[in-house]
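Asks: Add chains B, C and D to chain A, keeping to what the hints say.
Here's the letter readout for the chains.
There are 4 protein chains.
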Amino acid sequence: MAGNTFGKIFTVSTFGESHGIALGGVVDGCPPGLELTEEDLQVDLDRRKPGTSRYTTARREDDEVQILSGVFEGKTTGTSIGLLIKNKDQRSQDYSNIANRFRPGHADYTYQQKYGLRDYRGGGRSSARETAIRVAAGGIAKKYLEQVHGIKIHGFLSQLGPVAIDTVDYSIINENPFFCPDASKLEALDEYMRDLKKSGDSIGAKVSVVATNMPVGLGEPVFDRLDADIAGAMMGINAVKGVEVGDGFDVVTQKGSEHRDTLTPDGFASNHSGGVLGGISTGQDLVVHMALKPTSSISVPGETIDTEGNAIDIVTKGRHDPCVGIRAVPIAEAMLALVLMDHCLRHRAQNAAVHCTTPIIPGSAK
Amino acid sequence: MAGNTFGKIFTVSTFGESHGIALGGVVDGCPPGLELTEEDLQVDLDRRKPGTSRYTTARREDDEVQILSGVFEGKTTGTSIGLLIKNKDQRSQDYSNIANRFRPGHADYTYQQKYGLRDYRGGGRSSARETAIRVAAGGIAKKYLEQVHGIKIHGFLSQLGPVAIDTVDYSIINENPFFCPDASKLEALDEYMRDLKKSGDSIGAKVSVVATNMPVGLGEPVFDRLDADIAGAMMGINAVKGVEVGDGFDVVTQKGSEHRDTLTPDGFASNHSGGVLGGISTGQDLVVHMALKPTSSISVPGETIDTEGNAIDIVTKGRHDPCVGIRAVPIAEAMLALVLMDHCLRHRAQNAAVHCTTPIIPGSAK
Amino acid sequence: MAGNTFGKIFTVSTFGESHGIALGGVVDGCPPGLELTEEDLQVDLDRRKPGTSRYTTARREDDEVQILSGVFEGKTTGTSIGLLIKNKDQRSQDYSNIANRFRPGHADYTYQQKYGLRDYRGGGRSSARETAIRVAAGGIAKKYLEQVHGIKIHGFLSQLGPVAIDTVDYSIINENPFFCPDASKLEALDEYMRDLKKSGDSIGAKVSVVATNMPVGLGEPVFDRLDADIAGAMMGINAVKGVEVGDGFDVVTQKGSEHRDTLTPDGFASNHSGGVLGGISTGQDLVVHMALKPTSSISVPGETIDTEGNAIDIVTKGRHDPCVGIRAVPIAEAMLALVLMDHCLRHRAQNAAVHCTTPIIPGSAK
Amino acid sequence: MAGNTFGKIFTVSTFGESHGIALGGVVDGCPPGLELTEEDLQVDLDRRKPGTSRYTTARREDDEVQILSGVFEGKTTGTSIGLLIKNKDQRSQDYSNIANRFRPGHADYTYQQKYGLRDYRGGGRSSARETAIRVAAGGIAKKYLEQVHGIKIHGFLSQLGPVAIDTVDYSIINENPFFCPDASKLEALDEYMRDLKKSGDSIGAKVSVVATNMPVGLGEPVFDRLDADIAGAMMGINAVKGVEVGDGFDVVTQKGSEHRDTLTPDGFASNHSGGVLGGISTGQDLVVHMALKPTSSISVPGETIDTEGNAIDIVTKGRHDPCVGIRAVPIAEAMLALVLMDHCLRHRAQNAAVHCTTPIIPGSAK
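Chains as they are written, first to last, in this note's numbering: chain A, 1 to 366; chain B, 1 to 366; chain C, 1 to 366; chain D, 1 to 366.
Next comes chain A alone, as it looks inside the complex (with noise of 0.2 Å):
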């Protein structure tokens, strides 16, 4: 049924396939007098694009989004917002060998069957391609957060296979291919990278996404939590296999006493907690990681089985990326953007009249 919208009362419905005419999409419940423009989109679409670098796919896709309505004068109307990307790089190719094949570590084989057939040309709708469509939405919900919330979204490349960070320097991310904010590493990264491509082969990555400047009290108690819906969030990510808020799997062997968050007067003494607390936001910076698998279109040969059932050989050619988890940086702003920005108005929806909440805690340790 159903499953191509994301968000309760600010929500994103998405179609479009890898090889078909358009990607596009509905954000509905962006409030009105938001000043938007394409070029507020493009810039995260930009930073997606495949081929950008020598290390991301050689594919031109362009991504050229287009604001079809919501917006009159500059400004959100708050009716909805249709977006459209033209696909233009369709070159007319022979996908007969794609077509009854299933590619190991790809969606071909779940689509066929729960579907009964599937669009095969370059994965259909399991494509990554579909990503851009919700970088484009994510792109209004970073623009609303910080306008009217001072929320900024952070998000980096936190280790690819065995090279991993040490500090992090935000104002760097934009400057390197790898989106890495340790300068330290890029030679590294480089190196790894080169021989990677060398052997045909592809490697996993950690990514982390931050929120700065967050307000408290965002998330739902129960089930829409704030790190529940995060999780859902980031999992729902082509390649994501693991999702960390805070200390994340590193909290099995913490005991309660070097855990727990001291809360002081000047604010918290640690964010071991990563921002949220019983679900809901503490005013702390956000703190997510995750892990994406190594891409599994890499030109080693490996076997199979086609349609039929049959074993068969398969070696994967074309324009592949040798490490997904580099361009699912802005794919984990553009997603958390959306999940922040759900709850900014979810929270309005309930808070606003009642009472009104002025922090206790005037700053917040980060």
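These are computed hints drawn from the structure, not numbers from a lab.
Please note that a few of the clues may not be correct.
[Stated by the list, open to error] Restricting the straight-line Cα-Cα distance to at most 27 Å, the calculated cross-link-like pairs of lysine-lysine (DSSO-like) are:
1) K75(A) with K88(D)
2) K255(B) with K198(A)
3) K88(D) with K255(C)
Values in this document were obtained by computation on a predicted structure and should not be read as measured data.
Replies: Only chains B, C and D this time, still in chain A's reference frame:
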């Protein structure tokens, strides 16, 4: 706004505070004709119940669930099922010292900031006591999944502080107070917990849930992916800080040639994916792990602030689990059952009519 | 699938059958800080209660509502509110003759066909008894609307069979057993009902609900229009077969020059629209009418079939309203309150932040 | 907040303003394997299109729909279907006199108050032009309903001002410009409309929609009743002010002995209920009526206010339908199709597995 309902077409809406009159909920969307008794639900409530071992809180809750509607002559009618668990152990108590202070690591501060007021007795709605209704509702889903689809759900403790399991034997999980599937670790766990209790501290844990005999095809593309919904469900359990599907964070250092599961005429040759590809179940075992933080209520003294923002000392007295992870096992099972049942019904909504899929692979590697 | 929840961000999920253990529900999304007691809800439950006059069924239900959660120290906490009404009058009875026959005009046949089985005692879930929880939940919404926005809701009987009202005086509605706002019709109603009871037959009715002191701007464009949501809510009340907003079916023969309400600097000059334009409230009185069919349970003999498809005679015995329309008045008020409260919160979610609207017209024509 | 999505598991999310770049939408939840072409959708778009007769607006819109995704090799894939209709007739025009005034009977005033700003060109999102996408989406539902369940939907004009139909002949509905099913009224309609056009005024209408070959069992109990959802869908069509199911407002003066439809071994003996009992379809013809107000844009001079609140005179120029009711016929059909398809899928979600119902009554009275 509303955040106390879980699921899309099989839904659970819950209410109730830790020290209020009762907990309860409405389970909606259960197909008619399913045999169901209160005993079916009591089994897991008893597994979750505190006071069952010396390692969980001594607080007696009883947790007797009543089915108030939706079942007639022993079978579900297709209408909504009302559930009620009365709170028996409401000790009249002096809460004045809790009322005006924020326990570190708890939701006291965030609830107060979000709502401007809070039910401070025992954490109110943010208490783990609330999960009793999730377990009861999950019991309905478990019964349905097993009877209609043959799906079985196995939850277990896979690590507690430094003690990690080496093997998994489902048959012993319910035979020990730790829900531990590795008999060789029981003594180490026992010893570790005894020392921990003496120290007044608490410890984190890793819990796993596996669904066996899974059908292929569950999960929606793009947003309502099976793994995304599972991640949201698990991160929504009190104290969970991380969620993994399949190899989880291990994929960060894996290569594509290593990670991708080969399809063979006899099924998948491995299960790195944890039973999900492209957000859709593969028919293999569904494998989920989660990290639970150590209990914040410990007798080790700490610092915090009161509701006026003044620094104060705090020592949590009373009956608390030194490891909340243990009791989370039946909760995690329940949440997985709720997700799977919702997706079974969703799958049927869209896919039954126009075609009927027979799995191409007869069996599946586990 | 799930169909027992009403509303989008202020939601009510209900359960319970006519002759089961209890009725209940979960009200979710109520802002914190609203003063609320069980007495607030009991007022309308008592108005709805059967047995209050000789024209409604003599069945004693009592309908004492309990608030089980979500209220602490006299105020809502922002968490979900559990409601419970125990069924007291469960006469042990022989249902064998009802169990295997389909009462004409009732949901017996459709429930049986839909679900394959049904709780045949007193109609089960399809009984009007279920509306008690809607009335209780509506009581919360009514209190909120009046306290926060000053909105008042007035329901009344505007026609019963051939007896139609000429004038509306809100002050007498609760002073007579018909909820009739026209004192000059009370005698005619009394006489009509007396004759009707003798004949053993039943009669239809028209009920109206008016919300006064409405804000401008409630309702979403295109699909979740205020009038659309009201129409759905009213048609969802048992026995309702028609809904009108403003002039309703009279517009079929109206000309544009006659129907359109002129705007003047002092407000609208008329209210043919019933207070809604383009799906959004105008700030005028919101005017809704609905038609309720005559009770199908009558002592006039009829024909029907049994569950085997055989023709049989049927005479409904027992305690039934000769006009269900009368008791529908508080139910219609409750449903309108639920819709309005949901839209108040929805409006706030989207519109509070970026701009703030002051009505251009100071007063509004009623 | 978000209000541009219709449906629960078969959903349509739309965007687009009257004079913007394009209208579009996302249709989600369509089962895979349905044969679908753009021509299938164009049929109803052409029926709805203005300029097809001298009685509807002369504005040329063309309304060519494009399917951008979700269909592969002529069949739906089960993923979301993107729809796009480009706006061709965007005359460069001087809107300055519309921009600062509120047309009476239009949504100008309410949109301005709700959002603080509005796209004033041709009504923006509140324009009936928006319904083009509903008609396109409804075309998908119509095809599904007919192919999979054999359900057919017939919309027609049943009254226009004083001219009411006496008989219904489905075969002539599409043969005349009024969608009138009674050949004997065509001349009267023609004459009435000619006089009306001369006067510069407009007129209301009554439109009916009937679904034949209905299955028994569609509709959920309590809140998501089939009739409730239909009432919401119809009242959500621009200009609709009243909705009836079956006998509608006639029930006000009916007696129970008269209204209740007798069940016989050969089916129902009458259809006062309009094919719905207890919110669930009976298998009889589903009969719905609605009242549409007269067009507010007329050349008869009127009074209104400008955006500063000053009184001004207004005469609407341009191309407008003297009776919007006529073109509402395909829109009403589309909305009914969307509701029925959603309920078909919902029914299947809950009811397919545990039991399978065979109707007790072989045929049904229409």
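Asks: Taking only the CA atoms, is the gap from K75(A) to K88(D) under or equal to 27 Å?
Replies: Holds, because 23 Å separates the two Cα atoms, which is no more than 27 Å.
Asks: Between the alpha carbons of K255(B) and K198(A), is the straight-line distance 27 Å or under?
Replies: 13 Å, holds
Asks: Is it true that the CA of K88(D) sits at most 27 Å from the CA of K255(C)?
Replies: 31 Å, violated
The structure is inconsistent with hint 3 alone, although it conforms to all the rest.
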